[in-house]
Amino acid sequence: MKYYIIAGEPSGDLHASNLMKSLVKEDNDFDCRFWGGDLMKKVGGEMVRHYNETAFMGIKEVLVNLGKIRANFKLCKSDLLKYNPDVLVLVDYPGFNLRMAEFAHKKGIKVFYYISPKIWAWNTGRVKKIKAYVDKMFTILPFETDFYKTHQVPIDYVGNPVLDAIENRPHKNEDLETFKERNQLDNRPIVALLAGSRQQELNNVLPVMISMIKHFPDYQFVIAGAPSFTIDDYKPFIQDEEVKVIFNETYELVQQAHGALVTSGTATLETALLECPQIVCYKMWGGKTITKFVKRFILKVKYISLVNLIVNKEAVKEIIQDDLNETNVQLELEKLLNNQDYRINIFNHYNQLHQIMGKPGTSDRAAKLMVKALRS
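In the numbering used here, the protein residues as written are 1 to 376.
Hints may contain errors.
[Unchecked claim] Subject to a maximum C-alpha distance of 20 Å in a straight line, what follows is the list of computed EDC-like cross-link-like pairs (lysine to aspartate or glutamate): (1) Lys41 - Glu53; (2) Lys128 - Asp146; (3) Lys41 - Asp31.
Hints were generated in silico from the structure; no laboratory data involved. The model shown is predicted, which means the values in this text are computed figures rather than measured ones.
Modelling step: build the complete structure from the supplied sequences, incorporating the hints.
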């Protein structure tokens with residue numbers, strides 16, 4: 001069968017690539033065109049656009065690139081019709097993918113959505129579009145499954161693809177000494193900095209993370225380089241600070257770190273599943289007035305990190321918006337690194353998370369259900 005897959009970010013590229021591997025095993029006639037990244041390209045099929053050419057985040061960046069965005073929509077629509085797939089598979093990336101879902105549905109093309117956009121957190125009104133234009137949702141989180149059931153959206157819960165990615169990670173059994181030697185790190189314990197994959201996340205969060213270096217000289221701070229960036233993107237923030245950037249080894253870094261500062265997103269869940277104590281740091285544009293408005297009228301959930309949302313309690317500390325400053329992060333990081341009771345409490349919550357999340361195999365389960373639905 002013919003699959004048209006759209007992923008617009010590094011995490012989408014990772015999970016879509018694993019889904020493609022499973023679809024290849026499940027469907028002997030697998031054929032694919034896609035919008036995504038290098039990991040999807042390694043599996044096979046034909047890439048139409050790399051996510052580096054399509055990911056525009058934030059109001060300013062969107063306005064500056066309106067012409068490119070319109071051109072991308074035009075190209076995607078014409079390419080989709082020309083290819084005429086059996087199904088359009090959408091992976092997160094709601095700003096683009098929900099519009100493509102509407103277009104494909106109106107053209108009579110079946111639409112599957114794998115990895116739901118976080119409409120349960122920010123914009124519950126979008127569920128109407130999903131119900132109208134998506135033939136089936138393949139959900140990856142227990143609480144979002146309940147959300148879609150409430151709105152009578154056709155769903156299959158398949159577990160979380162992060163479990164597959166972590167299970168299949170390189171250097172899974174590597175020890176700390178080998179990791180440090182391989183990456184030319186010294187003997188001090190590691191604090192991992194996961195500052196996100198978007199420029200505004202670097203601008204708003206990384207400076208506070210970097211400010212911790214001078215307060216904890218007995219630790220070495222290491223930035224997990226995002227695949228969408230190069231070392232030149234980090235240099236303005238690092239300047240003369242003693243911090244190393246390691247690319248393409250986020251899981252390996254987190255696995256060996258004594259603690260981590262993590263920008264909200266999938267990375268918080270990955271860090272927890274890798275058993276690394278963390279503090280969640282997040283700040284978007286705007287001051288106190290914007291923060292109050294967002295909390296009151298836009299944000300629909302109690303927490304912002306997936307870890308806390310899944311266990312439904314504050315398993316890890318969230319420092320967000322105007323509270324995200326050097327003093328607050330320093331006080332919390334001191335406890336995270338040196339208070340054994342504090343760390344044990346986090347590990348206990350991580351055990352609960354593991355029990356809720358279940359076992360790997362998400363990609364295979366999703367592929368089997370997709371192929372079964374298409375053949376029926």
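For each hint, the structure was consulted:
1. Lys41 - Glu53: 15 Å, holds
2. Lys128 - Asp146: 16 Å, holds
3. Lys41 - Asp31: 13 Å, holds
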